Amino acid sequence: MSEQITIEKSLRDWASRVKAGQVGALPAILGLLVLCIAFSSQSNVFLTPGNFANLLTQAAAITVIAMGLVFVLLLGEIDLSAGYAAGVCGAILVIMITEMDYAWYVALPASILIGVVLGAFIGYLVAQLRIPSFVVTLATFLAFQGLLLLLVSEGGTIRIEDPTILAVQNKNLPVAASWIFFSLTAGAYVLSGLWKFARRRKAGLVDNLFKFWLIKTAMLVSLGGLATLALTVERSNNPDLVSLRGIPYVVPVILVLLVGATFVLTRTSFGLHLYAVGGNAEAARRAGINVRMVRISAFMICSGFAAVAGMIFVSRANSISPTTGGSSTLLYAVGAAVIGGTSLFGGKGKVSDAILGGLVVAVIDNGMALLGYPAGIKFMVTGGVLLLSASIDAFSRRGATAT
Amino acid sequence: MATPILSLRQVNKSFGPVHVLKDVNFDAYAGKVTALVGDNGAGKSTLIKCIAGIYTPETGEFLFEGNKVTIAGPRDATALGIEIVYQDLALCDNLDIVHNMFLGREEKSGVTLNESHMESLAKKTLDGLSVRTVKSIRQKVASLSGGQRQTVAIARAVLWNSKVVILDEPTAALGVAQTEQVLKLVRQLADNGLAVIVISHNLNDVFQVADNIAAMYLGTMAAQVDKKSVSPGDVVKLITTGKSEAVSGATK
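Chains A and B supply the protein sequences, listed in that same order. For reference, each letter of the first sequence is one residue, going 32 to 434 in the working numbering. For reference, each letter of the second sequence is one residue, going 823 to 1074 in the working numbering.
Treat the hints as calculated values from the structure; they're not laboratory data. What you are looking at is a predicted structure, and each value in this text was computed from that prediction instead of being measured. Even glycine gets a Cβ: it sits at the ideal position worked out from N, Cα and C. Wrong hints could be hidden among the right ones.
Calculated cross-link-like contacts (lysine-lysine; reagent style PhoX-like; alpha-carbon spacing at most 20 Å) [to be verified]: (1) K233/A <-> K1049/B; (2) K945/B <-> K930/B; (3) K233/A <-> K946/B.
Per the computed footprint, the stretches of chain A lying under chain B, defined by three or more beta-carbons under 8 Å from a beta-carbon of chain B, are [what the hints assert, rightly or not]: (4) 220-234; (5) 317-327.
Construct the complete structure from the given sequences, taking the supplied hints into account.
Okay, structure coming up:
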């Protein structure tokens, strides 16, 4: 009886939060569901394990850029050059490995470091000189594009043959390892949640969110189990020749980034300061927070993530070209972050939003291509979805301030 | 009267050619509410900012608990236990009550935030102020009413075992019921043993809550008097003309 009341109460709390405009990831989850149902009813390829694995590798690079962008968007700033920062760092990675014969474990940290330095430069201009980030990153967008062109030389591409870098997007964890990976991840998630509740109880703080958390965790774990099951099915057309089973290596890479970034944002004072600066910079300054350093660090993190995305691009294309990270990459990444529920006004958003949004963008891209729609329609639909989520954000802000 | 916890003697402050504070004396007592009144431009905010360490006066003496101190910056003021609640409250709407109260001074265990410790401390502080109007201290400040926000800002100021709390126009933006609530809270602070300084334009509020009234007039301290010895009319005279027959020997 009393249990029912607590579930009911937490559901009602949650409903009132939604009504008050704190919709969170709900629209993105609903959107993803609707899209998946629509595409699988129209195409018999969409819901196959092969396409699912394909979808994940398609979404990977943009998702990683979007995860980094969340840090900048939380401040109410933007980084338009993150796409080409990925390109530049990818080019440095390829040049170091292919032309200078460095090992991947030297080249990859070096390219990430260069990404961080690029971010520090942008951050300095924004935080110290107070030039609007839109203008600064518009300039660096052009500059990085030029830099990439100079590095790769016009019209050319540089191939990469390093097996480790190529494995990220082209190879899978063995089946047993896939299941071990799933069990470890799920176990760690459940344990960390239980530990949090135990600590709160020890401190004498009661809350009725436990049942809610149980439901959420059960759903997440079973979804993860289903995904692992789908990915461990043989998806090669010719299994005798080459077997394609297991979780793509890029998935654990993204998961590590997700856990790390979420930890920083939700468990450290730096993360709290980031939200505070995004919510009310003047209040943060008066509370003794070094607003300037917070701003610069956010841009450094964003470009660091872009460098990782550069590696993922390179791994997928087996090469770097002057257009890597160009065209609609950045816009898709911003779109992914916003669709997932990150606010362009700052102060609201999570790294996991970027993953949800990245999946939505990739599903539209993938599903419409399968159905044979021309690229023009694809862009227009993606634009429509972005507009929809931006309006949900705007409306939810209005709902939140109306009380 | 007992010795004041905070005492300013002959404080002068100018901005270029403008002499804003002229030989100002001011006292605040533990367990008492001192109201600082005066017309616009009388120097109330400048005086407060000198106490909070935002401005440094050219001449004058600061005595804190009887000892001479120098307040060179906001950190010095905080270290002494002086907290200020600004009129705009300086809260982050997108953070919850606990995070707002600890902003910039988070409790940590290792590198991670010690959320449960912060939450229990915040709860204890709010309970100590007899605040029972907020539903959950984990709700976002954006969803709070004006009076509740004021409460959170005040709770943040007293969280640090502060000794002097300065409130800048705490009721200016509030309705009748919420004003009542905040004034009760101000009284509670003083009853808990803090020295409370309240800037206010509203003489009703001042007479309801203050023990002591300091009236400023054109950069001078017209008088600092016991509330019981004056009428609202006398205070209005002090604010508008700088003197009043009822206050003997207070004017300079």
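Hint-by-hint comparison with the structure:
Of the pairs offered as hints, the one joining K233/A and K1049/B is violated, with about 48 Å between alpha carbons and a cut-off of 20 Å exceeded. The straight-line distance between the Cα atoms of K945/B and K930/B is roughly 17 Å, inside the 20 Å bound, and the hint therefore holds. Note on K233/A and K946/B: the hinted pairing holds, with a Cα-Cα distance of about 16 Å set against a maximum of 20 Å. Only residues whose C-beta sits within less than 8 Å of a C-beta in chain B count toward coverage, and the stretch 220-234 of chain A has 4 of them, enough to reach three; the restraint holds.
Judged by the Cβ-Cβ criterion of 8 Å, the stretch 317-327 of chain A is covered by chain B as claimed, because 4 of its residues qualify and three suffice.
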